[in-house]
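Sequences listed follow chains U and G, in order. Sequential numbering from 1396 applies to the first sequence in my numbering. Sequential numbering from 82 applies to the second sequence in my numbering.
Treat the hints as calculated values from the structure; they're not laboratory data. Incorrect hints may appear among the rest.
[As the list claims (entries may be wrong)] Restricting the straight-line Cα-Cα distance to at most 25 Å, the calculated cross-link-like pairs of lysine to aspartate or glutamate (DMTMM-like) are:
#  : chain 1 : residue 1 : chain 2 : residue 2
1  : U       : Lys-1445  : U       : Asp-1635
2  : G       : Lys-263   : U       : Asp-1484
3  : G       : Lys-263   : U       : Asp-1516
4  : G       : Lys-353   : U       : Asp-1407
5  : U       : Lys-1626  : G       : Asp-257
6  : G       : Lys-353   : G       : Asp-315
7  : U       : Lys-1397  : G       : Glu-265
8  : G       : Lys-202   : U       : Asp-1518
9  : U       : Lys-1547  : G       : Glu-265
10 : G       : Lys-302   : U       : Asp-1595
11 : G       : Lys-302   : U       : Asp-1424
12 : U       : Lys-1638  : G       : Asp-257
13 : U       : Lys-1638  : G       : Asp-354
14 : G       : Lys-353   : U       : Asp-1516
15 : U       : Lys-1626  : G       : Glu-365
[Said to hold, decoys possible] Take a look, some chain G residues computed to stay more than 12 Å from chain U by CB distance:
#  : residue
16 : Ala-133
17 : Ala-210
18 : Gln-267
19 : Glu-290
20 : Asn-292
21 : Asp-301
Note that the structure is a prediction, hence the values are computed from the model and not measured. Ideal Cβ positions, reconstructed from N, Cα and C, are used throughout, including at glycine.
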Amino acid sequence: MKIIACVKRVIDYNVRVQINRDGDGVVTDGVKMSMNPFDEIAVEEGLRLKEKGVATELIAVSIGGSESQQQLRTALAMGADRAILVENDAPLIPLGAAHILLRIIEKEQPGLVILGKQAIDDDRNQTGQMLAALWGRPQATFASALEINGEKASVTREIDAGMETIEVDLPAVVTTDLRLNEPRFVKMPDIMKAKRKTLDVIAAASLDLPSIPNVVTSNFSPPPTREAGIKVESVEQLVDVMKTRGLI
Amino acid sequence: MSTTLLVAEHDGAQLNQSTARALTGLAPLGDVDIIVFAENGSAVCAEAAALAGVGQVLQVDSPDNSHQLAAVVAPQIAAIAAPYSVIAMPSTTFGKDLAPRAAALLGVHQVSDVMEAIDAKNFRRPIYAGNVIVHENVEAFDKVVLTMRTASFQAAVAGSDAAPIVPTETTADLPDHTRFVKLEAQASERPDLQGAAWVVAGGRGVGSEENFAVIYDLADKLGAGCGASRAAVDAGYCPNDMQVGQTGKIIAPDVYIALGISGAIQHITGIKDAGTIIAVNKDEEAPIFDVADIGIVGDLFDLAPRIGAALGK
Ligand SMILES: Cc1cc2nc3c(=O)[nH]c(=O)nc-3n(C[C@H](O)[C@H](O)[C@H](O)COP(=O)(O)OP(=O)(O)OC[C@H]3O[C@@H](n4cnc5c(N)ncnc54)[C@H](O)[C@@H]3O)c2cc1C
Ligand SMILES: Nc1ncnc2c1ncn2[C@@H]1O[C@H](COP(=O)(O)O)[C@@H](O)[C@H]1O
């Protein structure tokens, strides 16, 4: 079975994001970029399934500018067998990303596609579910445990009410939650080896995609800030302040 | 007839409060129809029909809907969507799972985590873990799917008279490739984290699963719900459904008491809408103090029992 893991290049989660001067985007110049943390988990899960002998090949797929090759190289260094970059510089909504991924799936015929539950830049949490819908296959979102049994997968999902287990027929789409696994660190020799692995670059325009209208995102603004409040010295003082503010 | 359809979240017996919160967020768009997918949704429909601002309640009863799996519910939404220009659900794990599947079947865009619906084409939502708010204009689509950020809205209250409940059938091919196996819920007497007026939360500073008793004790004294940071959940101190933050629950209690939580942005984004944030941390430089309304520098094991004694109901 082939597995596809999706990899998005995003601003590193440690960076304090700044809005640009025109208020129509965020500052990316000189800012550290990384693989979306949930996608590292997706790649790691694919690797573990390969190591268990469940999967035969792990393909990392990214959609983005040519810089996204860096994140695909990281996936290759982690252990992915090959990578595909669908080069696209135009703005992309999840519906568009899902259509692109569907084209890759039609070509590669994977048994499992693993995505992050959300990209931490736009925080949309949509692409995996949309892909599953377009593909007409099951989805198991927010996975914290995954077990493949022949033609089926059993997936434990982190939902608001607790832990839900569902069974899905393969092929299927799984999206990762943080506790699915802990991604491995990349070692220097692996980075060297990754340079020799195949990374195919395909132009999005060559994929015969449906035309999808775009949405206009504007007025980037900081959230209302919470001012730092006061510090109290004792529990008695805390109670007094809470009384004055009508909290108790 | 309303042009907005809200998909109810419920557990088969009761309407989840997230539905009433989403309804409030949709008020600028006019009256809202609510749709209930259930095995037998009569009780849930009655609750939904009582809320102010509801046009009608569509009751879709079927054994297929007993677990409301996204793969099963999404085609039913797509089949019934024609008259609506906005299809919304709460931005809980229920809505986040279902909404994009419905949107893709309809071939339309989804706006996630709407914190303000200006009109049926213009919305405000947070990105980058709530560090940036943007305006999204979806005029290019004739229809849109939304998930509503429940923490941004108070729950809608009961109206003067109940909306009509309309038994509804959908004609959609439902897949059998996805099957519910089980739900392991933490049996808890405490108020639900997402609806509680007060929440007490512990972080890595609590140190162990046993020590979390300190957090539970304080919560019980105050009649509060219980939350946690990701670090506490990852370390196994408490169950994952207690996680608050960017990738956990986004909550808006009247009072949030954080103990042994440093205040990482991913955590803060989950509590920005809280009325009053109280922080207990032994490190006076902890970033949580930059957002806390009231802070106490000190040891949580010393302070928690004393706070409980002083405020206990
Ligand atoms: C993609 C991504 C998503 C994330 N999502 C979330 C999320 O949803 N929610 C979340 O919470 N985090 C999330 N995180 C993790 C986040 O970055 C922090 O690592 C986490 O919030 C830290 O938890 P903490 O404050 O409990 O632990 P720490 O940062 O280790 O802080 C512990 C605090 O306890 C204090 N302390 C220790 N002992 C005591 C004592 N005896 N008395 C009083 N104070 C004491 C210390 O001074 C310290 O400030 C995410 C991270 C990533 C990368
Ligand atoms: N441009 C992209 N390239 C590759 N994968 C993507 C891209 N956009 C989204 N994804 C995948 O979809 C997941 C969810 O993204 P989103 O729906 O944008 O929150 C991410 O974690 C990725 O696995």
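| task | Mind checking the alpha carbons of Lys-1626 of chain U and Asp-257 of chain G for me, to see if they're no more than 25 Å apart? | result | violated (57 Å)
| request: Take a quick look at whether Lys-353 of chain G and Asp-1407 of chain U sit within 25 Å of each other, Cα to Cα. | output: Cα-Cα ~22 Å, so holds.
| request: Take a quick look at whether Lys-302 of chain G and Asp-1424 of chain U sit within 25 Å of each other, Cα to Cα. | output: Measuring from Cα to Cα gives roughly 50 Å; hence the hint is violated.
| query | Going straight from one Cα to the other, do Lys-263 of chain G and Asp-1516 of chain U come out at no more than 25 Å? | reply | Outside the cut-off at roughly 33 Å; violated.
| request: Assess, step by step, whether the Cα of Lys-1638 of chain U is no farther than 25 Å from the Cα of Asp-257 of chain G, and give holds or violated. | output: violated (57 Å)
| query | Is the Cβ of Glu-290 of chain G more than 12 Å away from each Cβ in chain U? | reply | Non-interface label on Glu-290 of chain G holds, nearest chain U Cβ at 16 Å vs cutoff 12 Å.
| task | Compare the distance between the alpha carbons of Lys-302 of chain G and Asp-1595 of chain U with 25 Å, and conclude whether the hinted pair is satisfied. | result | violated (60 Å)
| query | Given the proposed pairing of Lys-1547 of chain U with Glu-265 of chain G, does the C-alpha separation stay at or below 25 Å? | reply | Cα-Cα ~21 Å, so holds.
| field | Status of the stated non-contact between Ala-210 of chain G and chain U (beta carbon gap over 12 Å) | value | Non-interface label fails for Ala-210 of chain G: nearest chain U Cβ at 7 Å, not farther than 12 Å.
| said: Would the hint linking Lys-263 of chain G and Asp-1484 of chain U be met if the CA-CA limit is 25 Å? | reply: violated (43 Å)
| request: Please work out if Lys-1626 of chain U and Glu-365 of chain G have their alpha carbons no farther apart than 25 Å. | output: Distance ~9 Å between Lys-1626 of chain U and Glu-365 of chain G Cα, so the pair holds.
| said: Holds or violated: Lys-1638 of chain U and Asp-354 of chain G, Cα atoms, limit 25 Å. | reply: holds (21 Å)
The structure is inconsistent with the numbered hints 1, 2, 3, 5, 7, 10, 11, 12, 17, 18, although it conforms to all the rest.
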